[in-house]
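S.K.: Please take these sequences and the hints and turn them into a complete structure.
FYI, in full-length UniProt numbering the residues of the sequence shown are 1 to 106.
Note that these hints are calculated values from the structure, not bench results. From the three backbone atoms N, C-alpha and C, an ideal C-beta is built for every residue, glycine too. Mixed in with the good hints, there may be bad ones.
Said to hold, decoys possible - Here are the simulated distance ranges between beta carbons:
#1 G32 - S96: 19 to 25 angstroms
#2 G100 - M60: 25 to 31 angstroms
#3 E12 - K95: 27 to 33 angstroms
#4 K72 - D50: 31 to 37 angstroms
#5 W30 - E84: 26 to 32 angstroms
#6 M36 - A85: 22 to 28 angstroms
#7 W30 - K51: 29 to 35 angstroms
#8 W101 - I4: 16 to 22 angstroms
#9 P94 - D64: 15 to 21 angstroms
#10 N82 - E103: 14 to 20 angstroms
#11 G67 - S96: 28 to 34 angstroms
Said to hold, decoys possible - With a straight-line Cα cutoff of 27 angstroms, these simulated DSS-like cross-link-like pairs (lysine-lysine) come out:
#12 K72 - K95
#13 K99 - K72
#14 K95 - K20
#15 K51 - K81
#16 K20 - K56
#17 K51 - K99
#18 K81 - K95
#19 K89 - K17
#20 K72 - K17
#21 K51 - K95
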Amino acid sequence: MPTIAVTDSSWEDDVLKSDKPVLVDFWADWCGPCKMIGPALEEISDELGDKVTIAKMDIMANTDIPGQIGVKSIPLMVLFKNGEAVAQKLGAAPKSALKGWIEGEI
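M.R.: Next comes the structure, spelled out in structure tokens:
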């Protein structure tokens with residue numbers, strides 16, 4: 001399952017009302033580390049898509065939700081379960097570390 005793009009307007013339906021955990025990657029096009037982890041998140045989404053939705057939110061195009069959540073640095077990955085933020089990871093990491101963290105949290 002490919003990653004999905006989440007926007008300020010789709011946030012409630014895509015993340016808060018999801019019937020499975022959603023990992024949201026807050027990123028921006030100018031962020032080098034964000035670009036580095038993008039392909040790994042795509043692969044993880046394919047591998048774990050039945051257990052978790054991997055979503056990406058461009059903080060430059062969508063400012064409301066990142067502001068409400070308090071995103072100050074990127075890449076920031078926040079895991080939501082039942083509409084609540086339950087875990088977060090700041091910064092880039094190798095695919096194996098990202099996947100292990102996600103699997104440990106879901």
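S.K.: Hints first: check each against the structure and report whether it holds.
M.R.: Evaluation of the provided hints:
At roughly 20 angstroms, the beta carbons of G32 and S96 sit within the given window of 19 to 25 angstroms. Separated by about 30 angstroms at the C-beta atoms, G100 and M60 satisfy the suggested range of 25 to 31 angstroms. Take E12 and K95: their Cβ atoms lie about 30 angstroms apart, and the range 27 to 33 angstroms holds. The hinted window of 31 to 37 angstroms between K72 and D50 holds, with their beta carbons roughly 32 angstroms apart.
In this structure the hint that W30 and E84 lie 26 to 32 angstroms apart at CB holds, the actual value being about 30 angstroms. In this structure the supplied range 22 to 28 angstroms holds for M36 paired with A85, their Cβ-Cβ distance being about 24 angstroms. The beta-carbon spacing between W30 and K51, approximately 31 angstroms, falls within the hinted interval of 29 to 35 angstroms. At roughly 20 angstroms, the beta carbons of W101 and I4 sit within the given window of 16 to 22 angstroms.
Between P94 and D64 the CB atoms are about 32 angstroms apart, so this pair departs from the stated range of 15 to 21 angstroms. N82 and E103 have their C-beta atoms about 18 angstroms apart, which keeps the hinted 14 to 20 angstroms range intact. Taken as a hint, the range 28 to 34 angstroms holds for the pair G67 and S96, whose Cβ atoms sit roughly 32 angstroms apart. Using a Cα cut-off of 27 angstroms, the hinted pair K72 and K95 holds, with the two alpha carbons roughly 23 angstroms apart.
Of the pairs offered as hints, the one joining K99 and K72 holds, with about 23 angstroms between alpha carbons and a cut-off of 27 angstroms not exceeded. The hinted pair formed by K95 and K20 meets the criterion: a straight-line CA distance of about 21 angstroms does not exceed 27 angstroms. With a CA separation close to 11 angstroms, the supplied pair K51 and K81 stays within the 27 angstroms bound. Between K20 and K56 the CA atoms are separated by roughly 16 angstroms; this keeps the pair inside 27 angstroms, and the hint holds.
For the given pair, K51 sits about 12 angstroms from K99 by alpha-carbon distance, which is consistent with the 27 angstroms threshold. Between K81 and K95 the CA atoms are separated by roughly 22 angstroms; this keeps the pair inside 27 angstroms, and the hint holds. Our distance criterion of 27 angstroms between C-alpha atoms is met by K89 and K17, whose separation comes to about 22 angstroms. For the suggested pair K72 and K17, the alpha carbons sit about 25 angstroms apart, so the restraint of at most 27 angstroms is met.
A C-alpha spacing of about 17 angstroms is found between K51 and K95, which places the hinted pair at or below 27 angstroms, so the restraint holds.
Of the numbered hints stated above, the single one contradicted by the structure is hint 9.
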